[in-house]
Amino acid sequence: DLKANTNFINLQSTWTESEEQIAAARRTYNSAVTDYNNAIMMFPGSMFAGMLNFQPVAVLATAEEERKNISAKDLFNS
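Following my numbering, the numbering of the sequence shown begins with 10 at its first residue and continues without gaps.
Hint data in this document are derived by calculation from the structure and do not stem from the laboratory. Be careful, since some hints might not be right.
Each pair of labels, with its calculated beta carbon distance range [as the list claims (entries may be wrong)]:
| id | residue 1 | residue 2 | range |
| --- | --- | --- | --- |
| 1 | K82 | A48 | 30 to 38 Å |
| 2 | N86 | N14 | 16 to 24 Å |
| 3 | A48 | S22 | 35 to 43 Å |
| 4 | S40 | S80 | 29 to 37 Å |
| 5 | A33 | L84 | 20 to 28 Å |
| 6 | N16 | V66 | 38 to 46 Å |
| 7 | N86 | G54 | 50 to 58 Å |
| 8 | I79 | A13 | 19 to 27 Å |
| 9 | N16 | Q64 | 25 to 33 Å |
| 10 | Q30 | E74 | 54 to 62 Å |
| 11 | E26 | F52 | 41 to 49 Å |
Since this is a predicted model, take the numbers as computed values, not measurements. C-beta atoms are modelled at their ideal positions from N, C-alpha and C, and glycine is treated no differently.
Could you build all of it, start to finish, from the sequences and the hints given here?
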């Protein structure tokens, strides 16, 4: 029982770390997209963007349903 508890704690820690890494990657991507969009909208970048047909890019947005807590128990029981 102690080993199972230790395994669960390790799983929970790994899960949390993975979620934090995904969130950090999303923030980094969105920051880069915002910088890009600003660059192609402001002079002189807008001149080059027009000539090269650069288009604005949408930031990553997570739907509310995707943000809700996920039950690991439900994942393994299906």
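TODO: Compare the structure with the hints numbered earlier in the document and write down the numbers of the violated ones, lowest to highest.
DONE: 1, 9, 10
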